[in-house]
Amino acid sequence: MDFSLIVVLVIALALIFDFTNGFHDTANAMATPIATGAMKPKVAVGVAAVLNLVGAFLSTEVAKTVSGGIIKEGDGGIQITPEMIFAGLIGAIVWNLITWLRGLPSSSSHALFGGLIGATIIGVGSQAVAYDVVLAKVILPALIAPITVGIVAFLATRLAYAITRRDAGKPDGRGGFRYAQIFSSSLVALSHGTNDAQKTMGVITLTLIAGGYQAVGSGPQFWVVACCAFAIAIGTYTGGWRIILTMGRGLTEIKPAQGFAAETSTAATILASSHLGFALSTTQVASGSVIGSGLGRRGSTVRWGMAGQIALGWLLTLPASAIMGAFAAGLALLGPIGILLDVVIGTVVVFVLFQWSKRDRVSHDNLHDIDDAGHVVKIKKTPRKPSRKDRQKVSL
Amino acid sequence: MIDWAAFLVVAVAALVSSAVVVSLYSLGLRLLTTAGRIPTVEPAEFTGALAVVTPARAAKNAKKARKASKANPLTAGQKRLAQYSGYLCFLLCGLIVLYGVYLIVPALHR
Numbered sequence: 000m001d002f003s004l005i006v007v008l009v010i011a012l013a014l015i016f017d018f019t020n021g022f023h024d025t026a027n028a029m030a031t032p033i034a035t036g037a038m039k040p041k042v043a044v045g046v047a048a049v050l051n052l053v054g055a056f057l058s059t060e061v062a063k064t065v066s067g068g069i070i071k072e073g074d075g076g077i078q079i080t081p082e083m084i085f086a087g088l089i090g091a092i093v094w095n096l097i098t099w100l101r102g103l104p105s106s107s108s109h110a111l112f113g114g115l116i117g118a119t120i121i122g123v124g125s126q127a128v129a130y131d132v133v134l135a136k137v138i139l140p141a142l143i144a145p146i147t148v149g150i151v152a153f154l155a156t157r158l159a160y161a162i163t164r165r166d167a168g169k170p171d172g173r174g175g176f177r178y179a180q181i182f183s184s185s186l187v188a189l190s191h192g193t194n195d196a197q198k199t200m201g202v203i204t205l206t207l208i209a210g211g212y213q214a215v216g217s218g219p220q221f222w223v224v225a226c227c228a229f230a231i232a233i234g235t236y237t238g239g240w241r242i243i244l245t246m247g248r249g250l251t252e253i254k255p256a257q258g259f260a261a262e263t264s265t266a267a268t269i270l271a272s273s274h275l276g277f278a279l280s281t282t283q284v285a286s287g288s289v290i291g292s293g294l295g296r297r298g299s300t301v302r303w304g305m306a307g308q309i310a311l312g313w314l315l316t317l318p319a320s321a322i323m324g325a326f327a328a329g330l331a332l333l334g335p336i337g338i339l340l341d342v343v344i345g346t347v348v349v350f351v352l353f354q355w356s357k358r359d360r361v362s363h364d365n366l367h368d369i370d371d372a373g374h375v376v377k378i379k380k381t382p383r384k385p386s387r388k389d390r391q392k393v394s395l
Numbered sequence: 000m001i002d003w004a005a006f007l008v009v010a011v012a013a014l015v016s017s018a019v020v021v022s023l024y025s026l027g028l029r030l031l032t033t034a035g036r037i038p039t040v041e042p043a044e045f046t047g048a049l050a051v052v053t054p055a056r057a058a059k060n061a062k063k064a065r066k067a068s069k070a071n072p073l074t075a076g077q078k079r080l081a082q083y084s085g086y087l088c089f090l091l092c093g094l095i096v097l098y099g100v101y102l103i104v105p106a107l108h109r
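From first to last, the protein sequence lines stand for chains E and F. Residue numbers are given in numbering that gives the first Met the number 0: position 286 of the first sequence equals residue 285, and the series is strictly consecutive. Residue numbers are given in numbering that gives the first Met the number 0: position 2 of the second sequence equals residue 1, and the series is strictly consecutive.
Possibly wrong hints are sitting among the right ones.
[Claimed, not checked] In silico DSSO-like links for lysine-lysine, alpha-carbon gap of 27 angstroms or less:
no., chain 1, residue 1, chain 2, residue 2
1, F, Lys69, E, Lys169
2, E, Lys169, F, Lys63
3, F, Lys78, F, Lys63
4, F, Lys78, E, Lys169
5, F, Lys66, E, Lys169
By construction, these hints were calculated from the structure, which means they are not laboratory data.
Construct all of the structure, not just a fragment, from the sequences and the given hints.
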């Protein structure tokens, strides 16, 4: 069988989206172990990448839900076309890159749903979107999940500290939580693979079904699973260091016990919800648990300004990617020329964002030399590079 | 339409399982500490590390841990009991985590 050009384009874009998804979400699993020094950054992203790859092969349940769920709304009379999926993906990718540039851990799933909804409204009409499904499955969980997991992480942190508490001055062995963190963060990475890689598989499968290349109601084919697994793993290995910084340091200063409590709560919530068939945003769960664990340790402070910025990012994700998806869909309606315009504009935007990111490169080898290092602990900002002594202060 | 019960189930399941896992691991650490085998795990060192401990500081911590375990009032038997109970806690904790992995792989339980 040979695919039409638009289907090939959609598959390519879906894989690019999958890459940005992995890249955006490395922080969910690995920001806390890197922050506490439980794992070296390169090792951490490597482990996360492998586990995402494995996770993507383990289950295709979520993929089936996506290819037959929210995106298929209005399937009775109105068919969603590959062009609309194409436009939605462009919106999602651009929004993911913008939030990455700002270092905001925003939900990749929301970007995807937003883009598709926007494209559908323009391409088919607003009656094609099942708003009640969007409310029940996307918006409400987005409001409830971070708060719930925040409470869980708060209690877990309290427990961890209460159980290991000893008289002042006596060693309490809390450094031992670093070993635990390796496992708990790996579990988060694995559950991420079983969840987020599936969303792209669902989209590709949906496109193949819509294009008549695959039987209606069938699951993703093996090559789709394999491509998506590798795309998300490569994305994860590349690592969105900006977001890792925000999650690992921007919200609160994380100690090993807190990191372990936060990761365990994240993993438990994601596993519980995917076992019960809930689509939760991994990112929102992870951020919520970091804040919760920040509140749980005595003497630690949560920077609410940063938390507010992140929450604002969450609020904007759905409408912003919808607007971009709608714009792309509007162009795509012009026919082949519109599609070409979409590709060109999308490429230019991605290129500009990438060039922009080079102005202040953040990578695994300069995690410390960032301007905002000063507001983690109140050390004096020094114009020179922080000396070893300064860095030691940070760790205390 | 909106399935409030499902939200509640997820919340309770997450709360109970993470509380159990965290408690077990913490209890394991506590028991090892009580047994005089205080784990001192220093942060990994890497360029631009977020948490740094100098070798001198690490040595000091290790010395402190050794000193604290020498001053342990427990008998040898009690120490051994605490140590093995600690290992048991870690084992249980690991088994629960494995069960979590088992849950997310539909191929295993169908």
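To see whether the hints hold, each was checked on the structure:
no. : hint                : in the structure
1   : Lys69/F to Lys169/E : holds (12 angstroms)
2   : Lys169/E to Lys63/F : holds (8 angstroms)
3   : Lys78/F to Lys63/F  : holds (19 angstroms)
4   : Lys78/F to Lys169/E : holds (17 angstroms)
5   : Lys66/F to Lys169/E : holds (10 angstroms)
When the structure is compared with the earlier hints, no violation turns up for any of them.
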